Amino acid sequence: MIKQTPFDRYLDAVVAEGVYPRRGNLKFYLGFLFESVPLAGKSMLDIGGGTGLFSFYGACAGAERVLCLEPETAGSSVAMRET
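Under the working numbering, the very last position in the sequence shown is 1497; numbers go up by exactly one each time.
FYI, nobody ran anything at the bench for these hints, they're computed from the structure.
For clarity, every value in this text was computed on a predicted model and none was experimentally measured.
Treat each hint with caution, since some may be false.
Quick list of the computed label-pair ranges, beta carbon to beta carbon [as the list claims (entries may be wrong)]: (1) I1416 / L1459: 31 to 41 Å; (2) I1416 / I1461: 32 to 42 Å; (3) I1416 / F1442: 16 to 26 Å.
Cβ atoms here follow ideal geometry from the backbone N, Cα and C, with glycine treated the same way.
Assemble the whole structure, with the sequences as input and the hints as a guide.
Structure (structure tokens):
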């Protein structure tokens, strides 16, 4: 049995929960967005984080502290609150 990394488990969970449709596309997208952002040992603030897609990625990428803020009553949709 191959041991999965936290990043692998994250990708699987995001797709299984229906937050993002395709694992490969998400992996590519995150690589593109964060390719030059060193997160290991850093603090991350995700304002308007919605489902926490990027926040959970930050934690899996080694961020020491992650804070996700979603101001659901100030301009967010009902669907975002339910998700």
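These are the hints, each one checked on the structure:
Checked against the hint of 31 to 41 Å, the pair I1416 and L1459 passes, with Cβ atoms roughly 34 Å apart. In this structure, I1416 and I1461 meet the distance hint of 32 to 42 Å, their C-beta atoms being roughly 36 Å apart. Between I1416 and F1442 the beta carbon distance is about 21 Å. The supplied range of 16 to 26 Å therefore holds.
Hint check: no violations occur; every hint is consistent with the structure.
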